[in-house]
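Please construct the entire structure, taking both the sequences and the accompanying hints into account.
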Amino acid sequence: GQQVMQIPQYQHVQEGEDFTTYCNSSTTLSNIQWYKQRPGGHPVFLIQLVKSGEVKKQKRLTFQFGEAKKNSSLHITATQTTDVGTYFCAGPGKTSYDKVIFGPGTSLSVIP
Amino acid sequence: DTGVSQDPRHKITKRGQNVTFRCDPISEHNRLYWYRQTLGQGPEFLTYFQNEAQLEKSRLLSDRFSAERPKGSFSTLEIQRTEQGDSAMYLCASSFNRAGDVEQYFGPGTRLTVT
Numbered sequence: 052g053q054q055v056m057q058i059p060q061y062q063h064v065q066e067g068e069d070f071t072t073y074c075n076s077s078t079t080l081s082n083i084q085w086y087k088q089r090p091g092g093h094p095v096f097l098i099q100l101v102k103s104g105e106v107k108k109q110k111r112l113t114f115q116f117g118e119a120k121k122n123s124s125l126h127i128t129a130t131q132t133t134d135v136g137t138y139f140c141a142g143p144g145k146t147s148y149d150k151v152i153f154g155p156g157t158s159l160s161v162i163p
Numbered sequence: 170d171t172g173v174s175q176d177p178r179h180k181i182t183k184r185g186q187n188v189t190f191r192c193d194p195i196s197e198h199n200r201l202y203w204y205r206q207t208l209g210q211g212p213e214f215l216t217y218f219q220n221e222a223q224l225e226k227s228r229l230l231s232d233r234f235s236a237e238r239p240k241g242s243f244s245t246l247e248i249q250r251t252e253q254g255d256s257a258m259y260l261c262a263s264s265f266n267r268a269g270d271v272e273q274y275f276g277p278g279t280r281l282t283v284t
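For the record, the sequence lines run as chains A and B. The first sequence finishes on residue 163 if you use the working numbering, and the numbering steps up by one all the way, no holes. The second sequence finishes on residue 284 if you use the working numbering, and the numbering steps up by one all the way, no holes.
I should point out that these hints are in silico values taken from the structure, not numbers from a laboratory. For glycine and all other residues, C-beta sits at the position ideal for the given N, C-alpha and C. Check each hint, because a few of them may be wrong.
Stated by the list, open to error - Chain B is nowhere near these chain A residues, computed Cβ spacing over 10 Å in every case:
1) Glu105
2) Gly117
3) Ser124
Unchecked claim - Facing chain A, from chain B, some residues (calculated, C-beta under 8 Å):
4) Phe214
5) Tyr217
6) Glu225
7) Leu260
8) Gln273
9) Gly276
Here it is as structure tokens:
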């Protein structure tokens with residue numbers, strides 16, 4: 052079946068260090084979405100990427116969609132304690148565009 | 170409108186009992202999704218509605234689970250004869266079906282504990 056994988060599962064960084072999480076899909080995706088979930092909170096939409104090779108930035112966050120549209124990455128520059136949480140990538144289902152398949156997430160801890 | 174709301178926020182039940190959760194989406198949103206999330210995992214798709222029509226249901230969902238959205242507004246998720254494996258956070262999300270608009274707004278979730 053369709054799978055969305057993410058690495059690493061956990062990442063601990065010193066405040067100010069950079070952080071990257073990688074997302075890989077077993078199938079080509081029409082789009083990829085990224086969500087952030089704070090501890091004890093619910094997922095919050097960050098961004099959607101649609102085009103092959105697309106790069107989007109949100110302040111210190113840089114999102115990239117691979118050329119083959121099967122992988123994506125999220126890079127955070129100079130992490131802050133407010134970046135703590137789990138970052139999920141998600142893509143549309145293989146058989147149903149409207150069904151969203153979430154990856155297992157990367158949990159980020161920032162040591163002040 | 171303050172966002173997606175879910176009720177109750179927490180539910181403890183004994184194995185074998187039935188439970189029902191409610192989700193109130195953002196008012197202008199016509200799509201409503203139910204997910205289940207366990208510790209250390211991403212949200213797992215259960216089902217979704219376009220207005221009052223249930224368009225897809227996960228094959229992983231047993232017949233003990235049923236969801237409704239009778240008037241295309243709020244939705245309920247019922248679990249019959251609960252099992253310990255049903256213990257999880259049940260998340261509801263809504264979105265506005267518009268070309269290229271995929272953003273889902275999640276509610277705070279209902280945490281179910283089956284003892």
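Here's how the hints hold up against the structure:
no., hint, verdict
1, Glu105, "holds (13 Å)"
2, Gly117, "holds (18 Å)"
3, Ser124, "holds (17 Å)"
4, Phe214, "holds (5 Å)"
5, Tyr217, "holds (6 Å)"
6, Glu225, "holds (5 Å)"
7, Leu260, "holds (6 Å)"
8, Gln273, "holds (6 Å)"
9, Gly276, "holds (6 Å)"
Violated hints for the displayed structure: none, as all numbered hints are satisfied.
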